[in-house]
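*Asks:* Below are the chains, spelled out letter by letter.
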Amino acid sequence: MNSFEANVSRLAQSDAALAAAIRQSGGGILEIVPARTGMPSARTNGRWIHSAYDPIKEAQAWAESQSYQEGETLVVFGVGLLYHVEALCARLPRTAPVVLVVSNLSVLADAAAARTWGDWIERVSWAWGATEGISEQIADAGHPLRLVTYVPAAALHADDHRAIETALQRRAAAQAGGQLRIVVVGPIYGGSLPITRYAVSALESLGHDVRWLDHSVHATSYHQLELLKNSQHRLALQSKYAEMLSRVTMAQLAEDPPDLVLSLAQAPLILPALEHLRRKKFLTAMWFVENYRHLTYWQQLAAGYDFWFVIQREPCIGALKQAGAKEVRYLPMAADPSVHHPLELTQAEREEYGSDVSFVGAGYANRREIFPRLLGHDWTFKLWGNEWDGATELTSVLQRNGARIDTVTCQKVFNASTVNLNLHSWAGTGLDPDGDFVNPRTFELAACGAFQLTDRRSLMSGLFSESELATVSSPDELPGKIAGWLREPEQRMAMAAQARRRVLAEHTYAHRMRDLLSQIGVASPDRIGSILRGARQAEALAATATDSFPSLASTLRTFPSTQRVELKQLAAQIRSRGSMGALSREDLMVLMLDEYRSETKDLV
Amino acid sequence: MQHDEEATARRLLIQLARLGDLVQSLPVIAALTARDPHRSLDLLCPAPLADLARLFPEVGHVLKWNGAQWHLWAESFVGEFQPARLREIEQSLAELTTEPYTMAYVLNHHPRAILAATLLATEVQGPNLRGPLDEALSPWASYLRHVAKTRGSNRIHLSDTFCGLCGVTPPSVPPVLRLPSMDLPGDLAEVGISAGQWIAVVVGAGDADRSIPVSVWTEWISTVLAHDSPCAVVLVGADRDQATALAIQDGLSPMIAGRVWDATGRTTLPQLAAILKRCHWAVGADTGPLHLAAAVGTSVMGFYFSRARVHETGPYGQGHWVWQADRALPEAWPIQASVKMIRESATAPHQEPVEGWSLWQSHHDEWGAIFRPVGGRDPQEDQRAAVWSELREQRPSMQGVQ
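As you go down the protein sequences, you meet chains A and B in turn. For the first sequence, our numbering gives the first residue as 151, with consecutive numbering after it. For the second sequence, our numbering gives the first residue as 445, with consecutive numbering after it.
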């Protein structure tokens, strides 16, 4: 019997349907080439899937580098010739469940034909079929899940794997019930400051215990440094100031260590501080709500954060990984419906804030060049915002002499305007030819139920449909499109309402924060994942303690069942019994551990 | 029958503080042994001090308290409390003792020591009256707290208050730590061999504010080695003191550098004890090595300043000397006077006063250690007998683990 028959017959004993499907598939994806050691290796489209020298040794090294905690199910992405799966099985305890994702049956057929599998194959469960089906099979395999990827083989089906991972994250998010303690580190000032506020509010709305380290209180001092005329002094002192705030952040973190440190763009945490946090086992994430092409300080921080979330896909994600980031995920902007929502305006407000066409924002070069084309038409145009100095052509439409516009005024303008222009900023002329990410304004206008005309962005189609947003692809189209949309009040209203529904259904900060946490949870099943699953809640802990530590279990049951309980709370509960209360052996151990815990982490 | 039970009763002394406190526990070990010579006495101390503690007379087993491991356990529990992990801790406690001790004596007024005692023994005697969660103090613990606040008139030595905490009176004779012969590393084997006076200089201290400045040591060593009669100096201390030792040597004349041995960071604690034993004198601030020198029978001269008080933590034993500063940070140091006392020992009892310092000599009587001033009377009345009389009547104890 050849390898293929031997392997497929063996497979049929555990999964007859899979065996039959492999026979049907035909194979032919992998080119089997002998390695120097004589073992079969494989390549496809000229790229090696396994080592051309020693595929077994390579697979063993890969397996050694994978983490595993007792009780987890390992989900392996990437099939190849299964050397890595064999090595993983050899390394793990025999009881550790291993699920292999098979996105393409022909690859598995090639693997079956290449070499005869050993007994280890009986430890493997197979997740195959359509994407949704695969994620269901994985979820059924048991929690917690730890996803591991053998990249050379997985790269063949990267899109499928991403979809499966997303489906798993959605499941994790839907099941999430545990409360995390999260510290959000915000910027001193700038565009990411309001986003920080929205993220904090969203995390709180999801039931997490959130502490915002709000560095905007230091803005006045920081701005004083900007007044220094000597640029050398200014830059040196600003750098020192950021370093000092980084230390302040560390001191605040040390006082009450959280489960997760979430930074927003411009958060004053420098690389050495992030490296120190990692040594002290803090988990850190950055939501980089910036255009990575314009603001490039991520290059210095990439290796510092455990997780990066960015508003752009490739090549942004690749660039961050190249700079040392380990995990980079796409997480687009959003809106906070409690801040941006439809408003009932008075007649006076409509007169003050309303116009046929409006724009709110700063005077970037592309806007200065485009907006003069909107003058002299039979519509009213109001321009709101600051940094328009020198744009003399636009003086007649500039409101409040170019003063900075606050959020409440913005919202009134959005609600009072017939057509809200939303042109993404760019330092060049016209529209950004590389424009990819969708700005917060898009989501905010939609959340207000306001009609908007925006420049087309490459990532827009994944967020809104054409029936939800009106777009232009060149500045020349703009006057015609405006005139056209002004003539279509019913369609405008329908699109605006549809866009608002879409935001409420998919694009709020609560959605984003849930996604962010579920992605971190899936990537760290033993830490964040475990808490999100509720494994740290009183009832779950009591269940695990019942047999070995009955007295501890009964103490745990004095907490509300869904309350997250940690060493600190448990020790406090034991102490609350007072000096005359009886102490069990495990009570004493908990008190002793708490004594050692109470020493502040040496972070500063 | 009663006698058999007493003979099999196991006692544990708990001292989880630093080297100086461990060495100053020798009198209470002697006193407990003298009271119940047939009952075994084990000692629980920090793991890094265990090798030294094994040399203590009258101590049965030395149990190692692994504080670093407890730190790791506590860190692993933060954010993810897992009851199952307590099994590992349970196992480590079982490795210390499978059966609880009959009695644990606690010398530290610290929750960790009190919790350890309650975990390891059925009955506990120490600072707390009624268990780890009770704040009521035993009479001796209350006295110690009062002394810490008011200082001044106290004349009861820390070692003797340890005895009080354990319900015994101080030993009639100061205990001496007798050392087995042991090898010393490299050139340190020469210490104490050649003729002349060998002086151990304890260069560092646990806290920076209790350390004698490098410039003072440089001058002190230069002065002592300038004397005509043969003399050698051994710098002693831990790893962290090595930089200080180098700085001191840098400040010495090359002419005398050949008579200075640097042992800092090069010895185990038993080897340190052996070096101190080979020296005729040990000089330094109120530190663990200084107490160790006194314990092995070497003459000690202490410079006490900052928070150090001669009456509380002076070197235990007969005939040691302590220069006590009258302010936390002395402006001048009694270098000439102290060197003269060592090099011309006959002049010591007639030492002239030095501004900013008072000189005390240690004695021992039925109430333990007492320091008496040179060239005058102690302005404070010796109230030790009255304090002992008032406090020793009560021997409170609390119950350990159920």
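There's no promise every hint is true.
What follows is a list of derived Cβ distance ranges for each label pair [as the list claims (entries may be wrong)]:
#1 B/624 x A/421: 29 to 39 Å
#2 A/406 x B/624: 17 to 27 Å
#3 B/659 x A/430: 33 to 43 Å
#4 A/429 x B/797: 36 to 46 Å
#5 B/670 x A/386: 29 to 39 Å
#6 B/462 x A/421: 55 to 65 Å
#7 B/826 x A/428: 23 to 33 Å
#8 A/386 x B/633: 30 to 40 Å
#9 B/532 x A/428: 21 to 31 Å
#10 A/700 x B/462: 30 to 40 Å
#11 A/430 x B/462: 19 to 29 Å
#12 B/531 x A/430: 23 to 33 Å
#13 A/217 x B/491: 55 to 65 Å
Within a straight-line C-alpha distance of at most 20 Å, the following computed SDA-like cross-link-like pairs (lysine to any residue) qualify [to be verified]:
#14 A/430 x B/620
#15 A/430 x A/677
#16 A/718 x A/402
#17 B/784 x B/773
#18 B/508 x A/745
#19 A/718 x B/776
#20 A/431 x B/520
#21 A/430 x B/453
#22 A/431 x B/513
#23 A/430 x B/508
Just a few of them, taken from the derived set where beta-carbon distance is under 7 Å, the chain A residues facing chain B [stated by the list, open to error]:
#24 271
#25 343
#26 654
#27 699
#28 736
#29 743
Derived by calculation from the structure, the hints in this document are not laboratory data. In this text, a Cβ means the ideal position worked out from N, Cα and C, and glycines have one as well.
*Asks:* All hints are to be evaluated individually against the structure, with a verdict given for each.
*Replies:* Hint check results:
1. B/624 x A/421: 29 to 39 Å: The hinted range 29 to 39 Å is violated for residue 624 of chain B and residue 421 of chain A, with Cβ atoms some 53 Å apart.
2. A/406 x B/624: 17 to 27 Å: violated (50 Å)
3. B/659 x A/430: 33 to 43 Å: About 38 Å separates the Cβ atoms of residue 659 of chain B and residue 430 of chain A, which means 33 to 43 Å holds.
4. A/429 x B/797: 36 to 46 Å: Violated: the Cβ-Cβ distance is about 54 Å, outside 36 to 46 Å.
5. B/670 x A/386: 29 to 39 Å: The hint (29 to 39 Å, Cβ to Cβ) is violated, given that residue 670 of chain B and residue 386 of chain A are roughly 50 Å apart.
6. B/462 x A/421: 55 to 65 Å: Because 37 Å falls outside the window, the suggested range is violated.
7. B/826 x A/428: 23 to 33 Å: violated (59 Å)
8. A/386 x B/633: 30 to 40 Å: violated (55 Å)
9. B/532 x A/428: 21 to 31 Å: holds (25 Å)
10. A/700 x B/462: 30 to 40 Å: holds (38 Å)
11. A/430 x B/462: 19 to 29 Å: Between residue 430 of chain A and residue 462 of chain B, where Cβ atoms are some 26 Å apart, the hint holds.
12. B/531 x A/430: 23 to 33 Å: Cβ of residue 531 of chain B to Cβ of residue 430 of chain A: about 26 Å, so the range 23 to 33 Å holds.
13. A/217 x B/491: 55 to 65 Å: violated (30 Å)
14. A/430 x B/620: Given that 20 Å is the threshold and the Cα spacing comes to 45 Å, the pair is violated.
15. A/430 x A/677: Roughly 14 Å separates the two Cα atoms, so the pair holds.
16. A/718 x A/402: holds (18 Å)
17. B/784 x B/773: The given pair, whose Cα atoms are some 23 Å apart, is violated under the 20 Å limit.
18. B/508 x A/745: Answer holds: residue 508 of chain B to residue 745 of chain A is near 18 Å, not above 20 Å.
19. A/718 x B/776: It is violated: about 49 Å lies between the C-alpha atoms, which goes past 20 Å.
20. A/431 x B/520: It holds: about 10 Å lies between the C-alpha atoms, which stays within 20 Å.
21. A/430 x B/453: violated (45 Å)
22. A/431 x B/513: Cα-Cα ~17 Å, so holds.
23. A/430 x B/508: At roughly 26 Å apart (the allowed maximum being 20 Å), residue 508 of chain B and residue 430 of chain A break the hint.
24. 271: Because about 32 Å separates residue 271 of chain A from the closest Cβ in chain B, which is outside the 7 Å limit, the hint is violated.
25. 343: violated (28 Å)
26. 654: At about 34 Å, which exceeds the 7 Å cut-off, the nearest Cβ of chain B leaves the hint on residue 654 of chain A violated.
27. 699: holds (5 Å)
28. 736: The hint holds - residue 736 of chain A has a Cβ within 7 Å of chain B, the shortest such distance being about 6 Å.
29. 743: It holds, given that the least Cβ distance between residue 743 of chain A and chain B is near 5 Å, below 7 Å.
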